[in-house]
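Undergrad: Here's the letter readout for the chains.
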Amino acid sequence: MVVSTQPDQSGKGAQQVIEVEEIAVRFCGDSGDGMQLAGTQMTNTSAVFGNDVSTFPDYPSEIRAPLGTLAGVSGFQLNFGSHRLRTPGDQVNALIAMNPAALRANVADLEHGGVLIVNSDAFTQTNLDKAGYTENPLDGDGLNAFKLYKVPVDTLNAEACAGSGLSGRAVARCKNFFALGLSYWLYGRPMDPTLNWIEGKFGTKPAVADTNAKALKAGYYYGETAEIFTHRYVVAPAKIAPGKYRKVSGNEATALGLIAAARLAKKTLFYGTYPITPASDILHDLSRHKNYDVRTFQAEDEIAAMTSVVGAAFAGAFAATGTSGPGLALKSEAIGLAVMTELPMVIVNVQRGGPSTGMPTKTEQSDLLQSLCGRHGEAPLCILAAATPADCFAMSIEAFRIAVEFMTPVILLTDGYLANGAEPWRIPDVASLPKFDIKHPTTGDDFKPYLRNEKLARQWVLPGTKGLEHRVGGLEKRDVTGEVCYEPENHHRMVELRQQKIAGIADTLPPLEVLGDESGKLLVVGWGSTYGAITTAVERCRKKGLPVSSVHLRYIDPLQKELGGILERYEQVLVPEMNRGQLVSVLRNHFLRDVTGFYKVQGKPFLIKEIEAKIEEMLNGKES
Amino acid sequence: MTTDAAQAKLTPRDFASTQDVRWCPGCGDYSILAQTKKVLANVGIPREKVVFVSGIGCSSRFPYYVSTYGFHGVHGRALSTATGIRVSRPDLSVWVTTGDGDALSIGGNHLIHAIRRNVDINVLLFNNRIYGLTKGQYSPTSPPGKRTKSTPQGVIDFPLHPLSVAIGAEATFVARAVDVNVKHLAHVLERAARHKGTSFVEIYQNCAIFNEGAFEYATGKDTKEDTTLYLEHNHPLIFGKHRNKGIRLAGMDPEVVTLEGDVAEDDLLFHDETQAEPSLAYLLSRMHYPEFPEPMGVFRCVERPTYEDLLMEQINGAVEKQGEGDLKDLFEAGDTWVVE
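From first to last, the protein sequence lines stand for chains A and B.
Just so we're aligned: the first sequence equals residues 1 to 624 in the working numbering.
Just so we're aligned: the second sequence equals residues 1 to 340 in the working numbering.
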């Protein structure tokens, strides 16, 4: 997106400087090449520079697949811009490929005319064979569509770092910083944030710090002096709401939200879980924060994790677990127990490609119906869905708010895209966060465990409270007294009460807001992580004058009360989802309203342009 | 386990709930319930500090029949539920009642892992060698050849031996008792209650309906003294109606010998429940009727830090080192930047 061009101010080169609104850069190489680190550094630098940023890593599930193979390619995409960004970018504007496999796996995503920087040293016959190239792509004219820059990164890096005293292997490990330095030059990024980071990280190993710094600078100065680049790009700082910011991924934000909720309530946070991709980083983050009275428990399996959480909730802790689809399936019986015993807890489900082991590192939204229906018996509970990485923070707190206010398990849906994607997070003032006012009964004659308040919530008694000793469990309870009871009318009543309690949560939810006109030809309904792509697509279509609006659901069960009325005010409804129409079936079932589904189940998030095209198609009356 | 001598002394009756007890007439569970209430009163833990946790099965109805806090969970998962309770609230005295199916079949995984962590809970495994609540199928402790509803031609699975499993997982407290020897049962339960760490007690329990007489050999008036051996710490392994038989080690194997002629008490195996190395305890757990008398009492009682003590050590250490967690610090950790 060219805004203006101007001659280079530095006077050092003949390059043309192009000002653009946003740039998507992807670093890719072997999973051991440090591409995630390079991407993260450029992200931090761009954020500190004042751009809005959105990132998404793409890495293989193998820890270290064989060197140079397609299976081992690891990528990191960064989108930075001078305006609000909600996705890591549809198309890559610049691709930095460290070997033939990385080129082959990623070049299809590079825009026509985009910048392609390759480490030409890595295009050896062996590597070409491993990547499945019969001819060296750098020799033919197959890459003519791109601005191809063949840079001998290995050689230049080794030359720059000569005399460091480090081994050849250690020097080679710095080549990601050479590539990073080159990118910094190309996009006018300051080197200081990364130089400071290197100093902090390797300060105790001066030779390592020095060599990494040298590699970074060598990359930067190569760009400046080599005179092979015809263009440089600048991206001005964005207009962002004032405040203090940091970058968070969805998993980080979830961990922060869980800790915050427990601290605000002056409670112990118990997190019982079993490692599973892509949820494990929540466990890693939480286990580093024991001084917040965070008690992490790595259970022997998913079932033990869930039952430990039920036990911890009974004992009075703020209890939570994190998992992904297969784990949620294993947890389902114990979640039924939590529904029956009406105890508060939060179950974070970081969705991934399924069924079965499926695609563990890839994203999907295919557990909506499992969350809603995946239990035996009539077992309603509350389901929330975070919309962005930073929203995971707010929704984790909201999940605990609902859990304790209504004495119910709450499932919080995120997914691999949110979990690993990152964006700037405006750090909230602690005083502005929700208040938790939890009252555990301390005395009482004739205590009745299933006596309900006006919200139909029962009381949360702490074991250890004298005089309130009672027994709960998975057997059906008599209304009010909580004794075991198999009477037909009582069971019917209890089933209704449990359902009504969950439905009543809707009274406490924020109103659902429409983006765009309040009525019209087309409404796009999204939920969860598709927020960024849908919202940007709708905004772009509206700029083009198209009559389209959108609503985004962060509450799946119960739905916000406004939704039914909103759906009625549009001629057509479009529901893009990363599944085969799970929200579609919920909406049809709930409102007897026909809606059009738009599905993408590729382990990849929607591109903005895909949704834009679908909107245009629907407004033009074409059938899909 | 906290004890409180200053607390007004409770009686077993104080631990009875208002719920009618609904086990079958003649069920061994009645005896276990009675002795447990007695031990709770003896140990002096306040009622409100006690939580009974269970899974599914006849044994798992137990929490409804004691007037403490109670949690009746899902099948096989009592130990992980209890772990969540104990880790969140190390001030509570947590008891698990389970059966041979609940603990060793559907819940086998949780049993070994709770034991290896040494979470401070008391596990009472009611072993009746049959599935009672589902009405008469064989269990993981049923003997080979046993004809049951699901094995009309006899069991072909090889059984698990609960104590061997517990010792294999290096339980810090392992004991066995039998439902009808109430005095000894109470003694073992009290030892279990006072042990810090996972206490694992196997209780031979008669199922009067589906497996009547399974432990007749160990309880019959005429046979029990020759078929069981009551372990005493630092004492030789002696048994028999006339207390003239003992267990001697022949190489790596135990053998039954008669105390006569050259064989004296000093030649016998002496019981040491505090041995850190669990091999001898395991050897005892491998002694089965009819080849051997089956040992009763405390097989093993050793000290090892509990999971929750180690966790709280880490938490308190983190607070000491980093200070009590402050949300502002948490939020502002790492790289931050200010937008004016």
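Each hint should be verified, as a subset may be incorrect.
Pairwise CB distance ranges (calculated) [said to hold, decoys possible]:
#1 Lys244(A) - Arg116(B): 39 to 49 Å
#2 Arg493(A) - Glu291(B): 32 to 42 Å
#3 Asp445(A) - His288(B): 47 to 57 Å
#4 His112(A) - Trp337(B): 32 to 42 Å
#5 His288(B) - His376(A): 21 to 31 Å
#6 Glu476(A) - Cys24(B): 36 to 46 Å
#7 Glu476(A) - Glu291(B): 45 to 55 Å
#8 Gln322(B) - Ala241(A): 26 to 36 Å
#9 Ala276(B) - Gly32(A): 42 to 52 Å
#10 Thr126(A) - Val319(B): 47 to 57 Å
#11 Arg493(A) - Gly154(B): 22 to 32 Å
#12 Ala276(B) - Pro510(A): 56 to 66 Å
#13 Gln322(B) - Lys244(A): 14 to 24 Å
By construction, these hints were calculated from the structure, which means they are not laboratory data.
Each residue gets a CB set at the ideal place from its N, CA and C atoms; glycine is no exception.
Undergrad: Does 36 to 46 Å hold as the CB distance between Glu476(A) and Cys24(B), or does it fail?
TA: violated, 22 Å
Undergrad: 45 to 55 Å was suggested as the range; check whether the CB atoms of Glu476(A) and Glu291(B) agree with it.
TA: holds, 48 Å
Undergrad: For Lys244(A) and Arg116(B), compare the CB-CB distance with the range 39 to 49 Å and indicate the outcome.
TA: Because 45 Å falls inside the window, the suggested range holds.
Undergrad: Given the hint of 47 to 57 Å, check if Thr126(A) and Val319(B) actually sit that far apart at their C-beta atoms.
TA: About 54 Å separates the Cβ atoms of Thr126(A) and Val319(B), which means 47 to 57 Å holds.
Undergrad: Between Asp445(A) and His288(B), is the Cβ distance one that fits in 47 to 57 Å?
TA: With Cβ atoms ~53 Å apart, the hint holds.
Undergrad: For the pair Ala276(B) and Pro510(A), does the Cβ-Cβ distance stay inside 56 to 66 Å?
TA: Holds, since Ala276(B) and Pro510(A) (Cβ atoms, about 60 Å apart) stay within the stated range.
Undergrad: Can you tell me whether the CB distance of Ala276(B) to Gly32(A) sits inside 42 to 52 Å?
TA: Between Ala276(B) and Gly32(A), where Cβ atoms are some 43 Å apart, the hint holds.
Undergrad: Does the beta carbon distance between Arg493(A) and Gly154(B) stay inside 22 to 32 Å, or does it fall outside?
TA: violated, 48 Å
Undergrad: Taking 26 to 36 Å as the hint, is the beta-carbon distance of Gln322(B) and Ala241(A) inside that range?
TA: holds, 31 Å
Undergrad: Does the Cβ pair Arg493(A), Glu291(B) satisfy 32 to 42 Å?
TA: violated, 58 Å
Undergrad: Is it true that the C-beta distance of His288(B) to His376(A) lies inside 21 to 31 Å, as the hint says?
TA: violated, 40 Å
Undergrad: Is 14 to 24 Å right for how far apart the beta carbons of Gln322(B) and Lys244(A) are?
TA: Given range 14 to 24 Å: holds, Cβ gap about 21 Å.
Going down the numbered hints, you'll see the structure goes against 2, 5, 6, 11, while the others check out.
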